[in-house]
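Number of protein chains: 2
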Amino acid sequence: MTAADPAPRRGRGRPGYDQAAVLRTAVELFNRKGYDATSIGDLAKELGVTKPAIYHHVTSKEDLLRLALDDALDELTAVVGGAVEDAGSAGAYERLRGVVRRSVEVLVAHQPAVTLLLRVRGNTPVEVEALERRRWLDDRLAALVRAAVAEGALRNDIPAELVSRLLFGMVNSLAEWYRAEGTYDAAAVADALTQLAFDGLARR
Amino acid sequence: MTAADPAPRRGRGRPGYDQAAVLRTAVELFNRKGYDATSIGDLAKELGVTKPAIYHHVTSKEDLLRLALDDALDELTAVVGGAVEDAGSAGAYERLRGVVRRSVEVLVAHQPAVTLLLRVRGNTPVEVEALERRRWLDDRLAALVRAAVAEGALRNDIPAELVSRLLFGMVNSLAEWYRAEGTYDAAAVADALTQLAFDGLARR
Numbered sequence: 762m763t764a765a766d767p768a769p770r771r772g773r774g775r776p777g778y779d780q781a782a783v784l785r786t787a788v789e790l791f792n793r794k795g796y797d798a799t800s801i802g803d804l805a806k807e808l809g810v811t812k813p814a815i816y817h818h819v820t821s822k823e824d825l826l827r828l829a830l831d832d833a834l835d836e837l838t839a840v841v842g843g844a845v846e847d848a849g850s851a852g853a854y855e856r857l858r859g860v861v862r863r864s865v866e867v868l869v870a871h872q873p874a875v876t877l878l879l880r881v882r883g884n885t886p887v888e889v890e891a892l893e894r895r896r897w898l899d900d901r902l903a904a905l906v907r908a909a910v911a912e913g914a915l916r917n918d919i920p921a922e923l924v925s926r927l928l929f930g931m932v933n934s935l936a937e938w939y940r941a942e943g944t945y946d947a948a949a950v951a952d953a954l955t956q957l958a959f960d961g962l963a964r965r
Numbered sequence: 762m763t764a765a766d767p768a769p770r771r772g773r774g775r776p777g778y779d780q781a782a783v784l785r786t787a788v789e790l791f792n793r794k795g796y797d798a799t800s801i802g803d804l805a806k807e808l809g810v811t812k813p814a815i816y817h818h819v820t821s822k823e824d825l826l827r828l829a830l831d832d833a834l835d836e837l838t839a840v841v842g843g844a845v846e847d848a849g850s851a852g853a854y855e856r857l858r859g860v861v862r863r864s865v866e867v868l869v870a871h872q873p874a875v876t877l878l879l880r881v882r883g884n885t886p887v888e889v890e891a892l893e894r895r896r897w898l899d900d901r902l903a904a905l906v907r908a909a910v911a912e913g914a915l916r917n918d919i920p921a922e923l924v925s926r927l928l929f930g931m932v933n934s935l936a937e938w939y940r941a942e943g944t945y946d947a948a949a950v951a952d953a954l955t956q957l958a959f960d961g962l963a964r965r
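So the sequences go chain by chain: A and B. So the first sequence is numbered by this note's numbering: it starts at 762 and just counts up by one. So the second sequence is numbered by this note's numbering: it starts at 762 and just counts up by one.
What the hints contain is simulated information worked out from the structure, not anything from laboratory work. Accuracy of the hints is not assured; some may be wrong.
Repeated chains share a single entry, so a pair holds when one copy, or any two copies, can fit it.
As the list claims (entries may be wrong) - List time: in silico BS3-like cross-link candidates among lysine-lysine, alpha-carbon distance up to 27 Å: (1) Lys812 <-> Lys794; (2) Lys822 <-> Lys812; (3) Lys794 <-> Lys822; (4) Lys806 <-> Lys794.
Using the sequences and the hints, build the whole thing.
The following block contains the structure:
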């Protein structure tokens, strides 16, 4: 299911792992076992270090969760925020198409963190905050779909809310099935997805 | 995030919960906290009964997982197996369209169990077996997509493997966003999804 871990990255002058490597392994464990079932002890064991060595880099398990979710959310917020701000310079259809393509690229480049984000259930304050940021994104995306329908660029016989859910449901599904080591790179998947989706959404 | 639980069903003559009610609550907990993080003790606490009362109905936590995954897999296998067996009576396109529609209906009717199935990672023998059954389904669906492309009913400028992933990725995404108490029933979602997907997949 998971490829072999890459060799651990060494911190500058300090033997062992740097924060990025600890975080990478934590996210992999969270995705494999579930966040609630993973302890700092599990993480230390996976890395072959002591628990204090982990606490040298992070203050808590929730700290690791926040770092990972922020990684995914900051990238997605930049993509969606950019499309909202560009409202003057391009039509809603072009902006939506750009958001879909760039979302695929973010998902592929940050797949473990986005996978974790998509599984968040709101069991902790960090998760509740992440769900609020996801809702902000979903609302902006739904508004962009409505604007594209309103400007006559998308079919109007399917409710815009369902279009938004199905379109980004298809994008988000990549977190579960995309394999970086497989046949198709991010550009190939982005091409296929945007062609299928926007041909399906074309006004007829 | 989750609606209030329905009133517990009473077993015949025995006070407390029957197996179906125990299973329903177990699946809800597995989806909320993750399977690995949920104990029989958590389940007993959630139901307000003792652990022995749980063991009256099931032998283990893994037993509950197997029952839930079999529920989802048996339904999906019936849908996909039926389409494969119908090969003589209808074209691949019509069978694929039927499978997509019926998959949406199964997902809506068995949403908690399908959600659990889609999150399985293979950490236990029961999960490994479920992943094997899922792979069988995925292979049959991919073959059906290839057959529909080969008969000239679907566009052939997107690799059939990607079409299959994107199409069923969109279907599976319902597990995450569909709300039974929302505006759209299973038929409305199935209509929207099949129209969007098959218009997008039409040969041009």
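Verification of the supplied hints:
In this assembly of identical chains, Lys812 and Lys794 lie within 27 Å of each other by CA distance both inside one copy and across copies; the values are 19 Å within and 24 Å between. Proximity of Lys822 and Lys812 under a CA criterion of 27 Å is satisfied intra-copy only: 11 Å inside one chain copy versus 30 Å between copies. Both within a single protomer and between protomers do Lys794 and Lys822 lie at most 27 Å apart by alpha-carbon distance, with minima of 14 Å and 16 Å respectively. Taking the shortest Cα distances, Lys806 and Lys794 sit within 27 Å of each other both inside one copy (14 Å) and across copies (22 Å).
Taken one by one, the earlier hints all hold for this structure without exception.
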